[in-house]
Amino acid sequence: MAMYNDKVMDHFMNPRNVGEIENADGKGVYGSPVCGDMMKISINVENDVITDAKFKTFGCGSAIASSSVATDMIIGKSVEEALKITNKNILNELGGLPAIKIHCSVLADRAIRSAIYDYAQKTGKHYAGLEGFDPNEDDDNETADQKQI
Amino acid sequence: MRQVYLDYSATTPVKEEVLKEMLPYFTKKFGNPSSLYSIAQESKIAVEEARERVASLIGANPGEVFFTSSGTESDNWAVIETARLKKSRGNHIITTKIEHHALLHSCKYLETQGFDVTWLDVDRDGRVEPGDLEAAVTDKTVLISVMFANNEIGTIEPVREIAEIAKKHKITFHTDAVQALGNVPIDVHDLGVDMISVSSHKIYGPKGVGALYIRKGLTLPNLLHGGAQENRKRAGTENLTGIVGFGKAAQLAGLSLSEHIAKTASLRNYFIGEVTARIPDVHVNGGMEHRLPGNANITFEYVEGEALLLLLDMKGIAISTGSACSSASLTPSHVLTAIGVPMEKIHGSLRFTIGDFTTKDDIDYTVNELEKSVTKLRNISSVSKEKGW
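So the sequences go chain by chain: A and B. Reading the first sequence from the start, the letters are residues 75 to 223 in the working numbering. Reading the second sequence from the start, the letters are residues 80 to 468 in the working numbering.
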């Protein structure tokens with residue numbers, strides 16, 4: 075379909091890292107089915123490096139593709155590096171999304187932060203990249219983020 | 080790859096017979112129907128023959144049918160010009176929450192021009208309750224517009240009852256019959272409506288041509304001003320080829336109406352039967368009793384419609400969805416919202432519309448691919464029957 079590029083279609087048709095890690099070190103959720111997309115992500119962390127990440131997403135083609143590519147991006151990265159990943163990085167990795175679909179990549183970036191936040195809460199660790207992050211903040215802020223892209 | 084088109088409510092292919100009838104009017108018989116020499120008169124005759132054919136399909140007199148560029152133009156003309164005409168008498172309009180955008184946005188525009196619009200609710204099946212409509216009538220009501228059949232869920236509205244109420248209160252009644260034409264028998268005089276919008280490309284005619292039926296004796300000011308075309312009611316050189324095609328399509332639709340209804344309803348019922356038997360957690364949206372024969376609108380729980388549409392498109396299957404993600408405005412279907420479908424289930428809704436070229440093989444292929452695609456997306460989904468929404 076002409077709406078998405080080949081890379082997006084590949085990640086949508088053959089998503090990487092689908093599933094849930096049992097007894098994961100950190101879990102995050104972002105979005106809601108009422109809004110049309112919800113991503114759940116689970117991560118394992120060893121020595122401050124993300125060793126595994128899996129996702130489940132209810133959402134459109136670009137939400138699934140950005141979940142897939144985002145989990146690929148964080149595996150093997152240190153927690154601080156993963157926290158630096160922005161919507162823009164995810165978008166670039168996907169080779170771009172139609173303008174109207176850009177909010178779908180916000181989902182993945184927020185879900186990753188939520189999972190790391192959960193991990194930090196459980197382990198009592200502090201990460202500079204988490205400062206000011208509130209996993210429960212509402213969509214008004216999401217809109218503000220979108221405007222910055 | 081196999082191609083299966085199941086979006087006949089969006090548009091239809093032009094039938095071969097229709098195209099054949101149109102072709103000479105592009106090249107040899109290209110004359111402007113308003114001119115006076117022979118080839119122009121041939122064009123004029125062709126337009127009038129088409130008018131008779133369209134009129135015949137809706138039981139109208141040819142003089143009551145005016146060609147336009149689209150169903151949208153017909154809706155705009157009927158609603159906006161009636162409102163302007165009657166503004167000194169009253170500024171109240173009654174319509175429904177499930178109208179096509181052509182009607183909905185025309186009424187929204189009128190709201191900005193000092194009109195009050197009552198947006199009637201519909202029941203779970205998508206039907207307007209005539210009693211609710213009558214209760215909404217005030218001494219300021221000048222126009223009622225209720226669609227004949229809904230484009231998303233196929234609900235056929237109680238047009239005759241509404242027309243009676245309108246007549247009783249001496250209010251002009253318009254109905255958008257774009258989806259109903261060629262799918263439901265329509266007789267304007269029997270129904271007692273004042274205006275009906277129809278369109279060619281939903282009945283295997285070309286795009287870019289529609290018509291407005293205006294009951295004889297009803298006054299409707301012009302929307303487009305200019306030349307004397309369409310009995311001075313609608314200016315602009317006639318879309319000659321389009322009108323000829325619309326006429327032929329209307330003739331064919333009239334000839335095969337009962338056969339078309341029986342065939343599409345039977346395939347639609349088979350499709351719904353197969354889908355509900357083979358795929359768990361699906362719901363048909365809208366009632367089955369008063370429904371367009373080829374329409375199936377189904378929610379697949381725990382998946383999102385645009386993703387499902389994409390997977391089916393990869394298999395050559397063309398359908399549409401009520402999901403917000405598929406719309407340019409990112410708003411979910413106003414029709415499914417109006418019949419009370421929860422938001423998360425609107426996102427997982429697909430519309431399948433069956434037409435004259437659909438075969439049982441097409442349906443079997445679609446059900447198979449649908450089953451695979453739904454399973455695939457449910458495996459990826461963060462929501463499920465077990466875990467809930």
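It should be emphasised that the hints constitute simulated quantities derived from the structure, not laboratory data. Given the structure is predicted, the values throughout are model-derived calculations rather than measurements. All C-beta atoms in this analysis are idealised placements derived from N, C-alpha and C, irrespective of residue type, glycine included. Treat the hints with caution; some may be incorrect.
What the hints assert, rightly or not - As a list, the in silico DSS-like pairs of lysine-lysine whose alpha-carbon atoms are at most 27 Å apart:
no., chain 1, residue 1, chain 2, residue 2
1, B, LYS466, B, LYS342
2, B, LYS439, A, LYS128
3, A, LYS101, B, LYS439
4, B, LYS455, A, LYS81
5, A, LYS128, A, LYS199
6, A, LYS151, A, LYS81
7, A, LYS128, B, LYS466
8, A, LYS101, B, LYS342
9, B, LYS342, A, LYS81
10, A, LYS128, B, LYS342
11, B, LYS466, A, LYS196
As the list claims (entries may be wrong) - Rough simulated footprint, nothing fancy, chain A against chain B, three-plus residues with beta-carbon under 8 Å:
no., stretch
12, 141-149
13, 262-274
14, 459-465
The hints, checked one at a time:
1. LYS466/B x LYS342/B: violated (41 Å)
2. LYS439/B x LYS128/A: Between LYS439/B and LYS128/A the Cα gap is close to 41 Å, so the pair fails against 27 Å, i.e. violated.
3. LYS101/A x LYS439/B: violated (46 Å)
4. LYS455/B x LYS81/A: Holds: LYS455/B and LYS81/A sit about 19 Å apart, inside 27 Å.
5. LYS128/A x LYS199/A: It holds: about 22 Å lies between the C-alpha atoms, which stays within 27 Å.
6. LYS151/A x LYS81/A: Within the cut-off at roughly 22 Å; holds.
7. LYS128/A x LYS466/B: At roughly 17 Å apart (the allowed maximum being 27 Å), LYS466/B and LYS128/A satisfy the hint.
8. LYS101/A x LYS342/B: violated (52 Å)
9. LYS342/B x LYS81/A: Violated - the C-alpha atoms of LYS81/A and LYS342/B are around 42 Å apart, more than 27 Å.
10. LYS128/A x LYS342/B: It is violated: about 47 Å lies between the C-alpha atoms, which goes past 27 Å.
11. LYS466/B x LYS196/A: holds (23 Å)
12. 141-149: Since three or more residues must qualify, the claim that chain A covers the stretch 141-149 of chain B is violated, with 0 doing so at under 8 Å.
13. 262-274: violated (count 0)
14. 459-465: holds (count 4)
Of the numbered hints given earlier, the model fails hints 1, 2, 3, 8, 9, 10, 12, 13; all others are met.
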